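A.B. asks: Take a look at the letters that make up each chain.
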Amino acid sequence: MREPDNITEMKQILEAVLLTAGQPLSLDDMLKLFAGRMERTTLRMLMDELKQDWAEKTLELVQVASGYRFQAKSQFSEFIVRLNPERQAKYSRAVMETLAIIAYRQPVTRGDIEQIRGVAVNPNVMRQLQERDWIDVVGQREVPGRPSLYATTKHFLDDLNLRSLAELPQMEDFEQTEIPLDS
Amino acid sequence: MREPDNITEMKQILEAVLLTAGQPLSLDDMLKLFAGRMERTTLRMLMDELKQDWAEKTLELVQVASGYRFQAKSQFSEFIVRLNPERQAKYSRAVMETLAIIAYRQPVTRGDIEQIRGVAVNPNVMRQLQERDWIDVVGQREVPGRPSLYATTKHFLDDLNLRSLAELPQMEDFEQTEIPLDS
Amino acid sequence: MKSQLNLDARIYGEAFTELPQDLYIPPDALEVYLEAFEGPLDLLLYLIRKHNLDILDIPMAQLTAQYIVYVEKMKVIKLELAADYLLMSAMLIEIKSRMLLPKPVEIAEEDDPRAELVRRLMEYEAIKLAAARLDIMPQVGVDIAVAAAYYQHISEIKPPEVSLDDLVEAWRNVLKRAKLNSHHKIGKEELSVREHMSQILRRLKTDGMVEFSQLFDVASEGLAKLVVNFLAILELAKEGLIRMTQQQAFSPIYLQVNTGERA
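So the sequence lines, in the order shown, correspond to chains A, B and C.
My numbering puts the first sequence at residues -3 to 179.
My numbering puts the second sequence at residues -3 to 179.
My numbering puts the third sequence at residues -11 to 251.
All clues given are correct.
As a list, the in silico DSS-like pairs of lysine-lysine whose alpha-carbon atoms are at most 30 Å apart:
| id | chain 1 | residue 1 | chain 2 | residue 2 |
| --- | --- | --- | --- | --- |
| 1 | B | K69 | A | K69 |
| 2 | A | K47 | B | K7 |
| 3 | B | K47 | A | K7 |
| 4 | A | K69 | B | K28 |
| 5 | B | K53 | A | K53 |
| 6 | C | K164 | B | K86 |
| 7 | A | K69 | B | K47 |
| 8 | B | K150 | B | K86 |
| 9 | A | K47 | B | K53 |
| 10 | B | K47 | A | K47 |
| 11 | C | K226 | C | K193 |
| 12 | B | K53 | A | K28 |
| 13 | C | K38 | A | K86 |
| 14 | C | K193 | B | K150 |
| 15 | A | K69 | B | K7 |
| 16 | B | K69 | A | K53 |
| 17 | B | K69 | A | K7 |
| 18 | C | K226 | B | K150 |
| 19 | B | K7 | A | K53 |
| 20 | A | K7 | A | K47 |
| 21 | A | K53 | B | K28 |
| 22 | B | K53 | A | K69 |
| 23 | A | K47 | A | K69 |
| 24 | A | K28 | B | K86 |
| 25 | A | K53 | B | K47 |
| 26 | A | K47 | B | K69 |
| 27 | A | K86 | B | K28 |
| 28 | B | K53 | A | K7 |
| 29 | B | K69 | A | K28 |
| 30 | A | K7 | B | K7 |
| 31 | C | K164 | B | K150 |
| 32 | B | K86 | A | K150 |
| 33 | B | K150 | C | K213 |
Calculated from the structure, these hints are not laboratory results.
None of these values were measured; they are calculated from a predicted model.
Using the sequences and the hints, build the whole thing.
C.D. replies: Pasting the structure below:
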């Protein structure tokens, strides 16, 4: 195929690439497809058009932290699940609480996590989250021992269908009753 | 979503599932989606219809050994490849050592290389280096069998960003520290 | 609050039938509780929320005696976790003892020794709720399926990258195995000679017989390079790779690749 010379062809290329990618593609990734012959603004416009084109179809084009991806509309998930009974296992409460602390309080050290949860952090918990590429080390805190500082990754946001941390449920929404000091 | 009760819905489910499967799906796989409420013949018919529906689009539904899958039409492959230029795995140790011997000891015969490495040189190793245009034959040694003499090429120097072989690190750099005999 | 109670029912309700009523845990149920709760904060929070337990109503003496028994048991099970529970009971006892002391008038409300514990409990509870929320969010691989159609991998395979370091490393390995490094040093000069050897062989291969002086570009090459070139010719001759011929004294010297045949 020669280089595309019209919008329709460019959109077709983008669609084919996104449908086969298996992961989000950033605007920069997609610009590479056209060897410098496309403006960023044009690309954004084409993304909007593609979104429109697929609005009534089985997949939707969504934007997450690391870019754009096609994903099945939510009404199909239960059918997709029937195909792979051995899907991603649910994480333990320890893992999820650790993840929540890192997500909402980042960057944090293991000590911070232990302080909040009141128990020692099992190294296995951190390993699970790192292997999933949901958290990583972003630096060290300058205190004795220089403990690692953990933060969530883009991949975590992608997997939860989020564009940024700001899209996480607000902490304030978790309304709690005060614990009374006097009875 | 309740169980699908018409052909359109069933086709949508099949499309969403096939687009996200990441691998070919057999008819048996797909029958599982409908909890025994679909005949094999109906499913085959739906597959044919889906094929038709996509005939003019960017992907095509094809049947391969293990089932059905959507794949990008061939004219898009070259664009998709631009996204992930696949790098061949690293050269094997045998290739790298052979290259090193030719670089430092040229001109050498295969026999010389075998002598130094202590193992027979796989012809494939020489072929890889010749195909890369990093080594070539510069003559024959006048001994029985007239073995080819190999040397590195200009292209090899270019690829390693060297102006001449003299810019290769000298052996003195690797010299091991002497073990002091007296204390 | 409603969702919180549901959550508790789901998490704890099915795990075991006997729910704790206070921090006094029968030793035989200890293991179960340790499994069911994420730690002392979690257990305390549960007791406060579910049974309106007053932090101060906890029978401290009894509790302490019991926890000391646990330590023995813990040596076999999860000592780390037991330590967390012990620390917590120590903290509760400290709070209680401070509360029992006469309170100086000027001490303000915030200095209530329980305030820090309550703050921690509230923070932990918020995180617990956040974790539960994260857990039910749609997730790639669980509820979200990303398009991953196939494409023909056309092979425009780029050859492997090789760096100078890779090459040096390979050479170092060769030397290590061949145990050559104590005797053999290859320096700049020798490499230049070997490079010229290759070049001369290439030239002789294409041109056949070459007159000695033609191999020296006296006009443009520096002395060092001329010397190296000369050394290369000598080395080639020594290794029997080339043959040098001269018809008579002072006549031109010709070089050619050694073909093994007598001239």
